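**Q** Chains as they are written, first to last, in the working numbering: chain A, 1 to 202; chain Y, 1 to 320; chain C, 1 to 367.
The hints are simulated quantities; they were obtained by calculation from the structure and are not laboratory data. In this text the structure is predicted, and so the values were computed from the model without any measurement. Do not take every clue at face value.
Stated by the list, open to error - Derived EDC-like pairs: lysine to aspartate or glutamate, alpha-carbon spacing no greater than 16 Å straight-line:
| # | chain 1 | residue 1 | chain 2 | residue 2 |
| --- | --- | --- | --- | --- |
| 1 | A | LYS148 | C | GLU42 |
| 2 | C | LYS69 | C | GLU42 |
| 3 | C | LYS280 | C | ASP349 |
| 4 | Y | LYS303 | Y | ASP319 |
| 5 | Y | LYS226 | Y | GLU245 |
| 6 | Y | LYS92 | Y | GLU46 |
| 7 | Y | LYS216 | A | GLU198 |
| 8 | Y | LYS226 | Y | ASP77 |
| 9 | C | LYS338 | C | ASP150 |
| 10 | C | LYS69 | C | ASP367 |
| 11 | Y | LYS216 | A | ASP126 |
| 12 | C | LYS338 | A | GLU199 |
| 13 | C | LYS69 | C | GLU97 |
| 14 | Y | LYS114 | Y | GLU217 |
| 15 | Y | LYS216 | Y | GLU249 |
| 16 | A | LYS99 | Y | ASP172 |
| 17 | Y | LYS114 | A | GLU96 |
| 18 | C | LYS318 | C | GLU268 |
| 19 | Y | LYS22 | Y | ASP66 |
| 20 | Y | LYS114 | A | ASP22 |
| 21 | Y | LYS92 | Y | ASP109 |
| 22 | Y | LYS22 | Y | GLU217 |
| 23 | C | LYS274 | C | ASP341 |
| 24 | A | LYS99 | A | ASP85 |
| 25 | Y | LYS226 | Y | GLU249 |
| 26 | A | LYS148 | C | GLU97 |
| 27 | C | LYS231 | Y | GLU276 |
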Amino acid sequence: MSATIEPSIRSRPVYGTLAAADAPAHLMVADADGGAALVELTATMAPAALLRAEILYVPFVSTADHSEALRALDCPGFHTSPSIDALIPRLARSIERMKMGTQIYLAGSETLIGRAMQAVLQAGIDHQAIQTEHRGSLARRMQCVHCKGITENVTTQPADCAHCGLLLLVRDHYSRRYAAFQGVNINAEDPSDIPEKEELFP
Amino acid sequence: MSLHGAIDVVVTDVVTVNPLIKRFHFARADGEYLPAFSGGAHIIVEMEDGDTRRRTPYSLMSSPLDTRDYQISIRRDDEGRGGSLFMHREVKPGINMRIGMPSNLFALDQRAHKHLLFAGGIGITPFLAQTAQLMARGGKFELHYGVRNRELGAYVDELEQRLESRLHVYLDDKGEQIDFDRLLTSQPTGTHVYVCGPAPMIEHVVTQAGALGWPKEHVHFEHFAKAPPGEPFTVELRASALTVEVSAEQTLLEAIEAAGVDAPYLCRGGACGQCETRVLACDGELQHADHWLDDDEHASNEKVMPCVSRFRGNMLVLDR
Amino acid sequence: MPSSQMTSASTAAEPSARSVTATAPFRDESFRDDFTFRNSPETVLRAPFPFDKDAYMYAVNMELHRDGKAGTAFEEPIDVDEHYVSEMRDRALVLDEDPLRCQSLPHMTLAGWDTLELLMASKAASYPDWFALTREGDRWHWINRPLGIDQHFVFGDETTLPYAPLEYITRQAQGDFCVLDERAGNLWMDAGMVTTQADWSLDFDIGMNFFEWHAPVPLAHELGIFERALKYLRAVQQGNPARRLNWTMTVNPRLDTSPENFHVWGPENTHITKDNVADKLFLRIELQSFWRLPRSNGILFPIRCYFLSMRDLSTVPKWAKRMHRVLKSLPPELASYKGLDNYRPIAIDWLAQFDDGSPTTPGPFAD
């Protein structure tokens, strides 16, 4: 079960539930338990649609791997990548080759959704056209506003910048361009004040 | 009331393009260059026609790169309120007129990797300006232009010369039709679609694009919603403590303005939402002609767009 | 038909009555380290004091930006004052440390040219002694005497300027500049020069729409402020700019109060005492304006910053009283969001000596 992402400030992304679009082609991207969302989505699609679909999947081997179920779909465009880093160039190529009118679906962690969305934006597709569904971890990518370094898999509030070492307030303010939440020095006024870290984004 | 950003101009040329269309050239009365603008922009042209003052939007077709004059093309409409007839019959070179500042509700999406343009008839006018801008900056585009026949196809020759293989012309009298389905299923990532022409053409393209999976953020259109003429009617402007008669050829907005009330507006074509007015009481039928309010809002009789909509009935009270 | 357009001393608009500072030399001062910034008395009086009554709450508070009142910061459409040269020097320092303070998404180049034209033409028309713009078709000649710039270039050709157009001209214009793209019924912050901001990051916010970049502002969203503001802004037309005022407070006359440098200036928030509040605590006024850009159909959104120390305020009796009352009555969430918590009580205590409780005249201008 995924923890639900509550809507907060207007710059915090909200995700939905995937629904098969009436489109000539489909491009689906997921990581970990996002794979389950794709299994549920494709169950509502005609087999002919799957013949024209592409499914790009990053399994978390041993903890959240839906490769079997996805492979069983008989979708010739099914491909797994070992990591999100490896997925992105492959995704960029798929987006480049597809035609306008292809529905794109992103499911899984916020990091997967955010990084895939970066590739979408690069290709000149409006982000509001993309269907998204969050499944799994709440762990965040965070950009330190001070040193600009990105810290991956942030689960606590506050959190340390993995680059410059400042203790950062993990804000809900989110940048699509960086696919990251903003981290701001939490104890600038009094560096001796070090709040306890709380596991807020497991 | 005042025309926003009014510019005093003189008509420098009136050119008969074909039996239905005339082109009008305006230059600034003081000889300075006209303001720069973005392709797709329109100007409000103010017409003093006897007792009637009309303010009607027309797309700028001239190149935004050369603002020594502005050019608009007007198709004569014998069934309309009389604006196009006035322009065709009464406006001659040398006369002074007033126009508003250019305003754009049909702008190119600057992010687009490619622009796919569909024009029908007089809907070609905004694309003349847009393609001039795109050619100057090396933008990637195609223009598909449907006309009734070669004689009535305004600017086909000029466009063929300027745009070469980017232009595709379809002659209705030869049975040539734009293959929307093929075009809408073969575009590379990052393409945006634009359509301007008769309402059925716009409806068709917008609907087809949606059915073929296009995001609505990538589909742009401009209706040339001509405010239709109708029956005269009376309206009470509660906030101004005035009762106003709207004549058959006057729009509700023009009647409000003629009464000295300064109502907000922008496009005057029922598309932008700026003139939205609250209806305080309505005993009769609001005749909505806009593309701004949704079906529920039209049915609720709580709002009206006075630039294009009318009324028939016993009583209409507006919060203006 | 004019073959060239001159916007220079010989064809400038009718000169209006100039306020004293327009002919004063530019100050040589710093906005960091030793903070030698000071306002001349005349500059204090022309500041756009943001409070028109004795309490403050959010409002859309847009008005048309025209009919410049002589002797005020509104006198010219793009205001240049005695701090011009020093502010531009501080901007250059910020950009040396952090070039990401000026960014332009690839599709915003045309808007950058629109901005360059707007700022050059405005400055040349308003201050013909300092700026001159001569145009012959696309061949333009720009002179900026205070900064010692004499530049020939081709309008629209980036290769003929030392920087891209937005960066080029905003390195010569006071205040921050956001360049907004209008599409999908919204405004998108797709380019900007932001070195004098009150605590927000262009690098992070670039690409966001109107509601997203305002997301962190408390209370205002529930009031529908941003919906109304957006509707107003989308109706802004060429030649008819709008403006509004915003405000916060800053310790020391530091222009660069960016989140990037929060760990540098943040600690200063705790340094205010009753002995230094008069000269160390500043009212930071933002004069925001909104201009429709012609070729790109974007919106230029300058945010011009004016500092008044508490002592500066005390020289204008009405302003001292009003500032005291505004601070006393400010809702706590607003005070917190504006970062005033550390020193608000100290400022209130110091200003109290100037407030005899008598009524103040309506409107923001000094009596």
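**Q** Hinted pair, alpha-carbon criterion (16 Å max): Y:LYS22, Y:GLU217. Please report holds or violated.
**A** Since the Cα atoms of Y:LYS22 and Y:GLU217 sit roughly 34 Å apart, the hinted pair is violated (cutoff 16 Å).
**Q** Please work out if A:LYS99 and Y:ASP172 have their alpha carbons no farther apart than 16 Å.
**A** 29 Å, violated
**Q** Need the status of pair C:LYS274, C:ASP341: alpha-carbon distance at most 16 Å?
**A** Judged against 16 Å, a Cα distance of about 15 Å means the pair holds.
**Q** Given the hinted pair Y:LYS92 and Y:GLU46, is their alpha-carbon gap at most 16 Å?
**A** Roughly 15 Å between the alpha carbons, so the hint for Y:LYS92 and Y:GLU46 holds.
**Q** Are C:LYS231 and Y:GLU276 close enough, with their CA atoms no more than 16 Å apart?
**A** 11 Å, holds
**Q** Quickly compare the C-alpha distance for Y:LYS114 and A:ASP22 to 16 Å and report which way the hint goes.
**A** Not OK: Y:LYS114 and A:ASP22 at ~24 Å, beyond 16 Å, violated.
**Q** Keeping to a limit of 16 Å between CA atoms, is the pair of A:LYS148 and C:GLU97 held or broken?
**A** 13 Å, holds
**Q** Is the straight-line distance between the alpha-carbon of Y:LYS216 and that of A:GLU198 16 Å or less?
**A** Violated, at about 42 Å.
**Q** Next pair to validate is C:LYS69 with C:GLU97; report whether the Cα-Cα distance is within 16 Å.
**A** Outside the cut-off at roughly 38 Å; violated.
**Q** Sort out whether C:GLU42 lies within 16 Å of A:LYS148, counting only the CA atoms.
**A** 41 Å, violated
**Q** Is it true that the CA of C:LYS318 sits at most 16 Å from the CA of C:GLU268?
**A** The hint is violated at about 28 Å.
**Q** Would the pair Y:LYS226 and Y:ASP77 pass a check requiring their Cα atoms to be no farther apart than 16 Å?
**A** Between Y:LYS226 and Y:ASP77 the Cα gap is close to 10 Å, so the pair holds against 16 Å.
Checked against the numbered hints listed earlier, the structure breaks hints 1, 5, 7, 9, 12, 13, 15, 16, 18, 19, 20, 21, 22, 24; every other hint is satisfied.
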